[in-house]
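S.K.: The primary structure of each chain is shown beneath.
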Amino acid sequence: MSDINVNTPMENLTIGGNIYTSGNARDFKTGDWRSAKPVYISENCKQCGLCFPVCPDNAIPVCKDTLQRTDFNYDYCKGCGVCAKVCPFKAIEMKEEGEE
Amino acid sequence: MSIRERLSGNEAVATAMKQINPDVVAAFPITPSTEIPQYFSTFVANGAVDTEFVAVESEHSAMSACIGAEAAGARAMTATSANGLSLMWEMIYIASSLRLPIVMSLVNRAVSGPLNIHNDHSDAMGVRDSGWIMLFSENNQEAYDNTLMAHRIAEHKDVQLPLMVCQDGFITSHSIENIELEDDEFVKNFVGTYRPEHYLLNDKEPIAVGPLDLQAYLFEHKAQQADAMRNAKQVILDVSQEFEKLTGRKYGLFEEYKLDDAEIAIVCMNSTAGTTKFVVDSLRAKGIKAGLLKVRVFRPFPGEEITKALSHIKAIAVLDKADSLNGIGGALFEDVTSSMFVQNIHVPTVNYVYGIGGRDTTADQIESVYADLAEIAQTKNVGNPYRYLGLRKGDVK
Amino acid sequence: MADEMKKPYNLKEVVATKPSRFTEGHRMCAGCGAPVVGRMILRALHEEDHAVIANATGCMEVSTFIYPYTAWTDSFIHTAFECAGATCSGAEAAYKSLKKQGKLPQNKNTKFIAFGGDGGTYDIGLQSLSGAMERGHDMTYVCYDNGAYMNTGIQRSSATPKFADTTTTPAGKVVPGKMQSRKDLTEIMVGHHLPYVAQSIAVGNFKDLYEKSEKAIYTQGPTFLNVLAPCPRGWGYPTDALMQINKLAVDTCYWPLYEVVDGVYHITYKPSKKLPIEEFLRPQKRFKHMFAQGNEWMIEEFQKEVDKRWQELLDLEEMTNRVTE
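Residue numbers (the working numbering), protein chains in the order written: chain H, 54 to 153; chain D, 427 to 823; chain V, 812 to 1136.
It should be emphasised that the hints constitute simulated quantities derived from the structure, not laboratory data.
Some clues are possibly wrong.
What the hints assert, rightly or not - Below, a list of computed lysine-lysine pairs in the DSS-like style, where the Cα atoms sit at most 25 Å apart:
| no. | chain 1 | residue 1 | chain 2 | residue 2 |
| --- | --- | --- | --- | --- |
| 1 | D | Lys630 | V | Lys907 |
| 2 | V | Lys1096 | D | Lys444 |
| 3 | H | Lys148 | H | Lys99 |
| 4 | D | Lys734 | D | Lys684 |
| 5 | D | Lys614 | V | Lys907 |
| 6 | V | Lys1018 | H | Lys143 |
| 7 | H | Lys138 | V | Lys1096 |
| 8 | V | Lys1018 | H | Lys117 |
Said to hold, decoys possible - Now the stretches of chain H that chain V is said to cover, found in silico as 3 or more residues with beta-carbon under 8 Å:
| no. | stretch |
| --- | --- |
| 9 | 97-105 |
| 10 | 131-144 |
Unchecked claim - With the C-beta cut set under 10 Å, the calculated list includes, among others, these residues of chain D facing chain H:
| no. | residue |
| --- | --- |
| 11 | Val475 |
| 12 | Asn542 |
| 13 | Pro632 |
| 14 | Phe645 |
C-beta: ideal position from N, C-alpha, C; glycine also.
Produce the entire structure from the sequences given, and follow the hints as far as they go.
M.R.: What follows is the structure in structure tokens.
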């Protein structure tokens, strides 16, 4: 499905606009929407979990085995800042995109 | 083996539905199609079918539920008339654009307003370009047979479009006529099992149906629909041929009644064709070369074939049971004349709008049309091409 | 509810071990409240179960399924704005029929969930929803309520709170925003005598939302969830403030959290200190005019309405529990 693009001839498009590869929006990166960027400060993080579910873009990966979060997935993070605001331990800092 | 019975048009369709045994029927009562879900509910209540009957709260929901069911992988059917179809309008287009072979019985009735429950074709004409295959039925037998053939056509891989079987409200839906039914086993085998390639309930391949389809894709998806509609013509012919082999009852894209050597001809659809055949016979007895072309397949419109069948006629009248309120003429008239024009066949042709709101159309009136045609054939003068039949009109100067 | 003993809710475990069925790569606005709740509701599905999701036209639909991309890992269908209820009911009827006929594997379960915004649920889709619920389909309808037609640009709906400034109820010199109170859809659904109706929101560790979702999805029959899903653009607050706004919604009792199980009310969160409604209204630009000098009456009126509804709920809880005891 991800091989369908604006140059695909009509014969090769799925009928009705159906999609048979569920969840393929992962192929569509939204990271370039970002104007502010959350920076993960792991040493401050207590792994409390409050930031895990608040990300609208599922951009906070959580390890299946350790149940601990890792760094942001910037392919999708839109920089809304909900995670930073909810963090009680200053483990997420919002910075201007492009700033180091 | 065919079984001889006496059934109304609605009973005939309901019987076909029972024999088809669809997985889901979602319908809402509206005159004159109400009896179809009524009869069908008794089949459900008595365990004669496996169907889930969804007694929805509106026709909009009837079509929405049919779409949900068909996309889920089920065979879904419904029945409606007039305003019911109008309320479905939005979903009618969505059903065809999602390429779901839903089958609907449309018992034709005048669309409001003002309110009128009787027959004309304004409901069907309102959705004529919505991407549904449209079969018209002269009588109960044809309504039954068209319903039996419907799924084979709609579900064909080259088509995958919804299909409506039309018949005239009250005139055929409520008239009991002799009919030949096929036995249940025959229908089961003829219709076959529905095996969609992709469907919502397949947990091994979850699918997404009904996207936001923007500038880069909608054009192509619409063109695919148009292709499918064109493909339907051959599929209808193939299925009809198979049906004829098995039942002896012949169906094509249209029926030519004494048209071969005719000089004047009427083109019409549904029950009026019965009256017209009667008139043709009586005119033939007087030596008048009258003929009839009864359109069965209105969508896809068999323009080339109709042109060919009419090319030798000296004057044609196209009868429309719905006025198009467009200042130029009825829908069937437009389709017939434009088909002939683009193929460079120019036969004097007039349009009669008739039978609106259930107004009776008598044999005498049909005969008057042939008399007009005889005159046009002789003088080659069409005069006013946009005419009415059976309309009360004073002599206003 | 399923018979087996439920493990106590553990946020980390849920998020880490249950893969998201609502993926990244969707195109809802930054900070949108809807994907946050949508994703958690789907996490309440048992992993082995398949789902068919019906979605009304709205922000969520047009941002998650733009050809050729879908953000849903389950089967998904969108037809139109007003008919997620009916569409879902058709798919559920198909399931019932095909399963009965042995045309689907007997050992696999499919659950049916419809999502609609408040426009597609409180307003244009109310009839379709009501019909589907009355007919008893085994499905869960989730309204993500952001209090206006956000997808078309913030027009008022019957879920829009009184005095809110929307593009069709602009706060003007003569008419100060929307002049009607919010419809109480949750109570309308309770009036359908469903086995499970609940109102929830995303707060804290999402326990309330997760548990109610699981109950709704795994209660046999038609169930309804109404979930407040703030819209930073439509409500006029900074995109990062989602969770603070949600907390204020419940602490002011603007959006009470409760469930109604077979007609019996349980308020699932009673703030130890009920905050004044100003706390919820102040951070939102749509209520800005209420804080202008001379408009104190608007806040008072709003507070009265909130208090009245909260008291009604307390009374209902008291009454329905008394009757069944």
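S.K.: Evaluate each hint against the coordinates.
M.R.: Hint-by-hint comparison with the structure:
Among the hinted pairs, D/Lys630 with V/Lys907 is consistent with the structure: their alpha-carbon atoms are about 18 Å apart, no more than 25 Å. For a cut-off of 25 Å, the pair hint linking V/Lys1096 to D/Lys444 is broken: about 59 Å separates their Cα positions. For a cut-off of 25 Å, the pair hint linking H/Lys148 to H/Lys99 stands: about 21 Å separates their Cα positions. A C-alpha spacing of about 15 Å is found between D/Lys734 and D/Lys684, which places the hinted pair at or below 25 Å, so the restraint holds.
The suggested pairing of D/Lys614 with V/Lys907 holds, with an alpha-carbon distance near 21 Å, which does not exceed 25 Å. Restraint check: the Cα-Cα separation between V/Lys1018 and H/Lys143 comes to about 23 Å, which is no more than 25 Å; the hinted pair holds. For the given pair, H/Lys138 sits about 19 Å from V/Lys1096 by alpha-carbon distance, which is consistent with the 25 Å threshold. Between V/Lys1018 and H/Lys117 the CA atoms are separated by roughly 19 Å; this keeps the pair inside 25 Å, and the hint holds.
Restraint check on the stretch 97-105 of chain H versus chain V: 4 residues with Cβ-Cβ distances below 8 Å, three needed, restraint holds. For the stretch 131-144 of chain H, the stated coverage by chain V is satisfied: 8 residues place a CB nearer than 8 Å to a CB of that chain, which reaches the threshold of 3. Taken as an interface hint, D/Val475 does not check out: its beta carbon lies about 28 Å from the nearest beta carbon of chain H, beyond 10 Å. A hinted interface residue such as D/Asn542 counts as satisfied when its beta carbon comes closer than 10 Å to some beta carbon of chain H; here the least separation is about 36 Å, so the hint is violated.
For the restraint placing D/Pro632 at the interface with chain H, the shortest Cβ-Cβ distance is roughly 4 Å, inside the 10 Å limit, so the hint holds. Among the interface hints, the one on D/Phe645 holds; its C-beta lies about 8 Å from the nearest C-beta in chain H, closer than the 10 Å criterion.
The structure does not agree with the numbered hints 2, 11 and 12 stated previously, though it agrees with the rest.
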